[in-house]
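Residue numbers (my numbering), protein chains in the order written: chain R, 2 to 290; chain E, 31 to 369; chain H, 74 to 310.
Hint data in this document are derived by calculation from the structure and do not stem from the laboratory. Check each hint, because a few of them may be wrong.
What the hints assert, rightly or not - Think about it this way: if two alpha-carbon atoms lie no more than 27 Å apart in a straight line, the pair counts; the simulated DSS-like pairs of lysine-lysine are:
| no. | chain 1 | residue 1 | chain 2 | residue 2 |
| --- | --- | --- | --- | --- |
| 1 | E | K347 | E | K45 |
| 2 | E | K185 | E | K167 |
| 3 | R | K284 | E | K145 |
| 4 | H | K246 | H | K144 |
| 5 | R | K162 | H | K144 |
| 6 | H | K246 | H | K143 |
| 7 | H | K227 | H | K305 |
| 8 | H | K253 | H | K227 |
| 9 | H | K143 | H | K99 |
| 10 | R | K277 | R | K162 |
| 11 | H | K246 | H | K305 |
| 12 | H | K143 | R | K162 |
| 13 | H | K143 | H | K227 |
| 14 | R | K162 | H | K99 |
| 15 | E | K145 | R | K277 |
Here is how the chains run, residue by residue.
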Amino acid sequence: MDAFIHQVFVGLANGSLYASLALALVMIYRSTGMVNFAQGEMAMVSTYIALSLIQAGFSYWTAFFLTVALSFVAGMAIERFVIRPVSHASELSVVTVFIGLLLIFNSIAGWIWGYSIQQFPSPFSKFSFLANPYLSLHQVGAVGMTLCVLILLYVFFRFTKMGLAMRGTTDNGVSSRLVGIPVSRMLGIGWGLAAAIGAVVGMMVAPSLFLDPNMMVGLLLYAFAGALLGGISNPLGAVAGGFIVGVIEDLLGVYIDNELRFTAAMVLIVCVLLFKPAGIWGKHTVKRV
Amino acid sequence: MQMNILAMRPARNRKLLLIQSAFVLTAFVLPLLIAPYQVFQWTLIASYAVALLGLNLLMGYSGQISLGHGAFYAIGAYVSGILIDHYGVPYIWTIPAAAGVGMAFGFLFGLPTVKLENLYLALATFGLAVAVPQLLKYKAFEDWTGGFQGITISKPEVPFGLPITQDQWLYYVSLVVALLMFALVHNLLRGRMGRAIVAVRDHPVAASAMGVNVVVLKALTFGVSAMYLAVAGALSTIAMQYVSPDSFAMFLSITLLVGVVIGGLGTLSGALFGAVLIGFLPNFAEQISKSAPGAVYGFLLIAFLFVMPSGVAGGLKILLSRVFKTNSKHSAISTQETK
Amino acid sequence: MSAMLEVENLTASYGATRVLQGISFKVEEGSITVLLGANGAGKTTTLRALTGMVRTTGSVRFRGELVSGKKTEAIASLGIAHVPDGRGTFLGMSTEENLQLGAYTRNNRQEVAAEIARIYELFPQLGRRSHQQAGTLSGGEQQMLAISRALMMKPSLMLLDEPSFGIAPLVVKEIFELLKMLNRDRGTSLLLVEQNAAMSLAMSHHAYLLETGRIVISGPSVEIREHDAVRKSYLGY
């Protein structure tokens, strides 16, 4: 029984990583209506920038917030110069642009920082009061950070004017303009926020997975699955989905077969989606024809 | 090579026929003029063209997204490899066998998943793309799939004592198959099923109200497109005499996606342009930058989408219509753009 | 004194197709003006042209200031509320959220809350469905919601695209009474675009008749009602 609980916690720890990346995906989705497949790579580059800052002598938290700010700006720039020009094209073209970004970021990271694995520091290693038999100090801290970001996002969308305006923008761009919402600016901010969240995610993931250009590739799929499972329009649901995916995947790996953990997890998730097409907690928008 | 639902004016028809004949002729003469390695490259391009025809059918005409069609390519490739290696089936028969298996798997996968909205379908197919290589490496199936090492087969001999090399023979086999597949999808799209597919893409509710069984049709389309991918996979096994799980990683699905979008969605000639692109781009990218070929790849992708969003085929069409000044009043209803 | 809205030689095109051939009209401050026309005459396009949603040439002046060429959201912030054809409901959001979005350009939260309460008094149906997803409301309710959303902008000029379209006659009457009240009590100027000639001529001050992108008749509504051509084609007698 104890072994089982241990596995559950390991699953939760992994799940927190998926959940936090899922949050970035939700952010972009809610503000732009698109799923950014390059999100993982952007987060990875942000993490490398943070590492460079730390190596240049900045303290961890200074580097942390500086990276978050830089990522915000970069996100806005990408929206303005790469995404906006093709936003009127077909959905598939947009997805292809994301994949192009993915390739570019992945390659450039390897080119600038090399492909060897690097260590990334954890800010939680001094918080010994978090020690417990199931999770490392960093994992507990990372889970906490995920929950913090989640709460901030939830409050943002639910209670702030800008959050409301962003939701309106994805719902009906034309009507948003007609009530005075600067839609293009909203999209830029949405991207900036998503990039910022991605930076946080990267910095939480790196100490566990070790930093290399391919760090986020596998993570993206699990995050995507978690977001859809929980409901991509719902930050809370997406995070829960991420945790669930983490636990399921780990348990399946242990109790069925380690080689098939991914396949089994995917089958399960697709089955759930067939019964609940908008995800477990997703809102199914009813359309009158 | 455009898909026009309404009949084309005779003059335009003739021009098109001329272009097509010229092209086919060039294709047949080509291998006699170039070096063996290039013949091999073009053989693979034929296989990619078939693959892109299938993916285009699904994404361009049926409007469904798939990030995982590489999985069906893998299935076709392995069916061919296993049949040749374990059962001694002549390589030519493995192609229809792969087609059948691909169609079956595609249809079965499609039946439950086509009901999902695009985003969720993307995830399901993404998952498929990652799962299949894992399954191919799985220990329990190793006797069949050869595990990590894959399967190697011997290079097919030139039959009937024809005075051409083995490479050239394989090229001709692939070319003929590609032309057949092209004709098949062309006829499919002109007929009732083609119209139904486009109707379902543009307005599923209306189509359903007119008696089209949307789910079955979409699943069938999925199956047919999977069949194309499987045939392409079989061709690649025959051309390379080798199949292994690592050649079918996520990157393949991404490559195919890139090819079909840049080539031009919703046009059949787009499949050809895309195939040429896929065939030569990796080498080209590596020449520009040894250390970051992926960046070049991605950059070109984005540049194309900025400059020519309807793909090479679309851009060419615009160019040609200006050159020939064809009266577009009688042209087909625009079926091309997805949204 | 210049009119509230002055349009001069306005053309509008969708791609290569020109829909408005150069029209000129005015909306006087505090009046109800109606733009009549059959399907395809260019009524919706006119409103879209006024709020910067299509490519135009010619000039549009709002209270003397040139607004043609400005972005839609900038025009909206000047106090022009456009209730589009199809209602433009934020389908996935609740009724109340739709109203809150209408108040985007306003900063006083108490005023906004008070305004919402007033809307619920005016339209109890909306009040009952305040947390319901707006996409599930009936056509008539969505029209009320669309008008209410425009009201939340505290506009000085309202542009309404076929407010009677697809709505039961009794509800249309309610809506038109509301519009008259707004104009009378709050002084809101209205530019109505309509196919329903009888009702709109009865409640408006000025009228213009649009046919295939050109204004063919204009004048005070009372006169237009008696006009032979209008009577035969649009009023049926």
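The hints, checked one at a time:
{"no.": "1", "hint": "E:K347 <-> E:K45", "result": "holds (13 Å)"}
{"no.": "2", "hint": "E:K185 <-> E:K167", "result": "holds (24 Å)"}
{"no.": "3", "hint": "R:K284 <-> E:K145", "result": "holds (17 Å)"}
{"no.": "4", "hint": "H:K246 <-> H:K144", "result": "violated (34 Å)"}
{"no.": "5", "hint": "R:K162 <-> H:K144", "result": "holds (21 Å)"}
{"no.": "6", "hint": "H:K246 <-> H:K143", "result": "violated (35 Å)"}
{"no.": "7", "hint": "H:K227 <-> H:K305", "result": "violated (38 Å)"}
{"no.": "8", "hint": "H:K253 <-> H:K227", "result": "holds (16 Å)"}
{"no.": "9", "hint": "H:K143 <-> H:K99", "result": "holds (19 Å)"}
{"no.": "10", "hint": "R:K277 <-> R:K162", "result": "violated (31 Å)"}
{"no.": "11", "hint": "H:K246 <-> H:K305", "result": "holds (23 Å)"}
{"no.": "12", "hint": "H:K143 <-> R:K162", "result": "holds (24 Å)"}
{"no.": "13", "hint": "H:K143 <-> H:K227", "result": "holds (20 Å)"}
{"no.": "14", "hint": "R:K162 <-> H:K99", "result": "violated (36 Å)"}
{"no.": "15", "hint": "E:K145 <-> R:K277", "result": "holds (11 Å)"}
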